[in-house]
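Engineer: Now for the letters of each chain:
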Amino acid sequence: MGKNLFQKVWDDHVVGRLDNGQYQVFMALHLIHEVTSPQAFGMLKDKHLKVAYPKRTFATVDHIIPTDDQSRPLADDMAEQMIQVLSDATTEHGIEFFAPESGSQGIVHVVGPELGLTQPGMTICCGDSHTSTHGAFGCIALGIGTSQVRDVLASQTLAMDPLKVRRIRVEGKLSKGVTAKDVILHIIRILGVNGGVGYAYEYAGSVIDNMTMEERMTVCNMSIEGGARCGYINPDETTFEFLKGRERVPSGAAFDAAVEKWRSYASDADANYDDEVVIAAADIRPTVTWGITPGQAISIEESTPNPETSPDKALVTDALRYMQLEPDTPIKGTHIDVAFIGSCTNGRLSDFKAVAEVIKGKQVASGVRAIAVPGSEKVDKDARALGLDKVFEAAGFEWRKPGCSMCLAMNPDKLVGDEVCASSSNRNFIGRQGSSTGRTILMSPIMVAAAAVKGEVADAREVFGL
Amino acid sequence: MTGQTINRVGGKGVYVKGNDIDTDRIIPARFLKCVTFDELGPALFFDERFTSDGKSKGHVLDAPEHKGAAVLLSDDNFGCGSSREHAPQAIKKFGFEAVIAGSFAEIFHGNCTTLGIPCVVMQRADREKLGELLAEDPERDVVIDIEALKVTCANTSFDVTMKESAREAFLHATYDPLDTLMRQMDAINATAERLGYA
Numbered sequence: 008m009g010k011n012l013f014q015k016v017w018d019d020h021v022v023g024r025l026d027n028g029q030y031q032v033f034m035a036l037h038l039i040h041e042v043t044s045p046q047a048f049g050m051l052k053d054k055h056l057k058v059a060y061p062k063r064t065f066a067t068v069d070h071i072i073p074t075d076d077q078s079r080p081l082a083d084d085m086a087e088q089m090i091q092v093l094s095d096a097t098t099e100h101g102i103e104f105f106a107p108e109s110g111s112q113g114i115v116h117v118v119g120p121e122l123g124l125t126q127p128g129m130t131i132c133c134g135d136s137h138t139s140t141h142g143a144f145g146c147i148a149l150g151i152g153t154s155q156v157r158d159v160l161a162s163q164t165l166a167m168d169p170l171k172v173r174r175i176r177v178e179g180k181l182s183k184g185v186t187a188k189d190v191i192l193h194i195i196r197i198l199g200v201n202g203g204v205g206y207a208y209e210y211a212g213s214v215i216d217n218m219t220m221e222e223r224m225t226v227c228n229m230s231i232e233g234g235a236r237c238g239y240i241n242p243d244e245t246t247f248e249f250l251k252g253r254e255r256v257p258s259g260a261a262f263d264a265a266v267e268k269w270r271s272y273a274s275d276a277d278a279n280y281d282d283e284v285v286i287a288a289a290d291i292r293p294t295v296t297w298g299i300t301p302g303q304a305i306s307i308e309e310s311t312p313n314p315e316t317s318p319d320k321a322l323v324t325d326a327l328r329y330m331q332l333e334p335d336t337p338i339k340g341t342h343i344d345v346a347f348i349g350s351c352t353n354g355r356l357s358d359f360k361a362v363a364e365v366i367k368g369k370q371v372a373s374g375v376r377a378i379a380v381p382g383s384e385k386v387d388k389d390a391r392a393l394g395l396d397k398v399f400e401a402a403g404f405e406w407r408k409p410g411c412s413m414c415l416a417m418n419p420d421k422l423v424g425d426e427v428c429a430s431s432s433n434r435n436f437i438g439r440q441g442s443s444t445g446r447t448i449l450m451s452p453i454m455v456a457a458a459a460v461k462g463e464v465a466d467a468r469e470v471f472g473l
Numbered sequence: 123m124t125g126q127t128i129n130r131v132g133g134k135g136v137y138v139k140g141n142d143i144d145t146d147r148i149i150p151a152r153f154l155k156c157v158t159f160d161e162l163g164p165a166l167f168f169d170e171r172f173t174s175d176g177k178s179k180g181h182v183l184d185a186p187e188h189k190g191a192a193v194l195l196s197d198d199n200f201g202c203g204s205s206r207e208h209a210p211q212a213i214k215k216f217g218f219e220a221v222i223a224g225s226f227a228e229i230f231h232g233n234c235t236t237l238g239i240p241c242v243v244m245q246r247a248d249r250e251k252l253g254e255l256l257a258e259d260p261e262r263d264v265v266i267d268i269e270a271l272k273v274t275c276a277n278t279s280f281d282v283t284m285k286e287s288a289r290e291a292f293l294h295a296t297y298d299p300l301d302t303l304m305r306q307m308d309a310i311n312a313t314a315e316r317l318g319y320a
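Residue numbers (my numbering), protein chains in the order written: chain A, 8 to 473; chain B, 123 to 320.
Simulated from the structure, these hints should not be mistaken for laboratory data. Yeah, the Cβ is synthetic: ideal placement off N, Cα and C, and Gly gets one too. Treat the hints with caution; some may be incorrect.
Said to hold, decoys possible - Derived, one-sided and incomplete: chain A residues facing chain B with beta-carbon distance under 7 Å:
hint, residue
1, V22
2, F33
3, P45
4, Q46
5, L51
6, H55
7, K57
8, M85
9, G150
10, G152
11, S154
12, I197
13, N201
14, S357
15, A361
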């Protein structure tokens with residue numbers, strides 16, 4: 008019996024077994040940012056500890072950085088202090104810091120892959136749950152808490168329980184207007200927001216095989232929304248082609264050698280899995296959320312559920328009440344106030360390219376505040392080089408500077424009152440976008456564009472004639 | 123040894139009902155603007171407890187009879203979402219010493235364990251029964267016995283489960299793993315060397 012990728016990468020990186028039965032696992036790459044890491048440096052200081060492997064940790068700022076005026080000092084004193092603490096700590100410990108306006112700043116899960124820091128077969132961690140994004144390259148990529156950030160800084164290792172592996176095969180061909188975002192929203196809808204607890208998700212099947220790396224990142228990004236500890240995709244020619252020529256990837260003969268090594272991490276044909284789920288691509292439609300968890304999703308053709316016929320009546324009732332939606336009502340046509348395209352889920356060049364293609368010559372509906380926020384300085388630069396910023400602006404979007412922006416409202420980009428946001432981000436939790444009554448409807452970037460143009464939740468296939 | 127052995131924890135309990143209570147609800151993101159965790163206690167469930175102009179919504183955590191509760195009871199998939207350790211830090215600093223739920227999201231569970239907050243899993247029917255006992259008399263103690271995997275309240279005993287590695291770590295005071303990890307520096311360096319990461 009062969010091994011799956013999780014088992015291979017795990018076995019490679021295990022340092023030893025701990026007395027409580029957990030394993031000590033070496034982390035090949037550690038990414039840090041200003042929200043969950045400054046406190047870890049404080050903990051190191053309290054214990055008089057040094058960073059064990061400073062060259063394996065990289066820092067950037069994303070969560071709190073404003074997307075309009077990034078000039079220092081930031082208008083928000085506490086945000087400025089958080090950046091400063093991180094910046095000082097990286098200097099003190101010899102950690103590379105991708106500061107704003109360095110050309111490499113951005114959302115940590117956009118920056119790692121675009122620089123080529125993220126490579127197949129690695130164990131990767133970061134004090135951010137969407138670290139699962141990096142699994143797209145065939146990595147065990149884990150979101151961790153601040154005490155664990157401390158553990159990794161001090162020892163480059165984590166104490167971990169092993170995971171089971173569920174292979175999710177998405178087979179067939181996606182129909183027009185159905186994107187990677189719809190695939191992952193559909194998967195979470197089917198398997199539930201806690202269906203993945205105890206598991207690593209291996210995404211496979213012809214649909215995944217045919218995806219670009221950026222699409223694969225969108226899928227892996229939301230593994231955590233399905234409760235999985237991480238999610239990954241086996242590295243293949245698409246992966247190697249993406250990595251070739253990137254700044255932190257070896258070149259020439261060293262690249263060829265790296266590819267051979269990377270290839271060896273892919274799951275064996277006869278690998279064992281703890282569970283397997285097959286999803287038919289033909290069943291996947293453009294998908295949107297109606298409630299307060301990413302699993303509360305329906306296709307654009309469906310209606311909101313009725314609590315009386317739902318398995319969790321209390322949750323459905325609460326969610327409908329919070330969203331101010333009626334049961335048994337088509338989701339299409341739901342009024343929106345804000346349209347947000349960006350985040351570590353859908354803030355990459357291909358996301359903006361896809362939207363630019365369809366909004367050319369269209370206008371954002373009056374009364375809708377629409378913002379496009381590139382995931383990194385590089386995405387911004389590349390998009391501008393293609394003139395995408397102008398296409399967005401001509402359609403009535405604001406084109407902003409890179410950051411997490413309205414995904415989590417730790418910066419000035421927030422909903423006001425009970426505004427409804429059509430959002431390409433990853434969480435529709437109560438209050439997630441910065442207002443305790445704000446409402447989020449998750450969807451793909453082109454569906455956000457369709458909603459922006461119509462002023463209501465709409466079917467991108469109809470709006471754009473796809 | 124990184125702390126005290128944790129075997130029995132308990133005190134008054136309070137039931138915050140609902141499945142899929144995420145870490146944004148446990149602590150809204152704006153409270154993450156801080157460089158230490160010291161001040162997070164009052165921020166716990168803030169937007170569930172207070173209106174935007176600071177008035178109490180009458181949340182169960184603010185009911186006078188639940189003041190000083192040490193055991194937080196909730197339902198399935200508690201702590202889902204963000205990896206923010208601010209969530210268990212706020213729970214701890216609010217005064218809770220343990221959480222009982224139907225199930226836990228994994229990053230949250232790991233963060234709680236490291237901070238010495240036992241997370242134990244209780245079946246739904248038992249949570250309902252325990253909730254009734256607490257509703258009858260909020261002064262009743264809820265006691266979690268980690269070694270025996272039992273929760274008792276008002277002479278009623280409930281079986282609970284717990285991740286075995288966490289249980290071991292509480293019983294042997296190794297739930298904060300840093301010292302344990304640091305003792306293996308030679309093996310860590312050898313692994314880095316072997317993998318070409320040195």
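Engineer: Taking the hints in turn, state whether each one holds.
Structural biologist: These are the hints, each one checked on the structure:
1. V22: holds, 5 Å
2. F33: holds, 5 Å
3. P45: Where the cut-off is 7 Å and the nearest Cβ of chain B is about 5 Å from P45 (chain A), the hint holds.
4. Q46: Holds, about 6 Å.
5. L51: It is violated, given that the least Cβ distance between L51 (chain A) and chain B is near 10 Å, above 7 Å.
6. H55: violated, 12 Å
7. K57: violated, 11 Å
8. M85: At about 4 Å, which falls below the 7 Å cut-off, the nearest Cβ of chain B leaves the hint on M85 (chain A) intact, so it holds.
9. G150: holds, 4 Å
10. G152: holds, 4 Å
11. S154: Since the shortest Cβ distance to chain B is 4 Å, the answer is holds.
12. I197: violated, 16 Å
13. N201: Since chain B brings a Cβ to about 4 Å from N201 (chain A), closer than 7 Å, the hint holds.
14. S357: violated, 26 Å
15. A361: Violated, about 27 Å.
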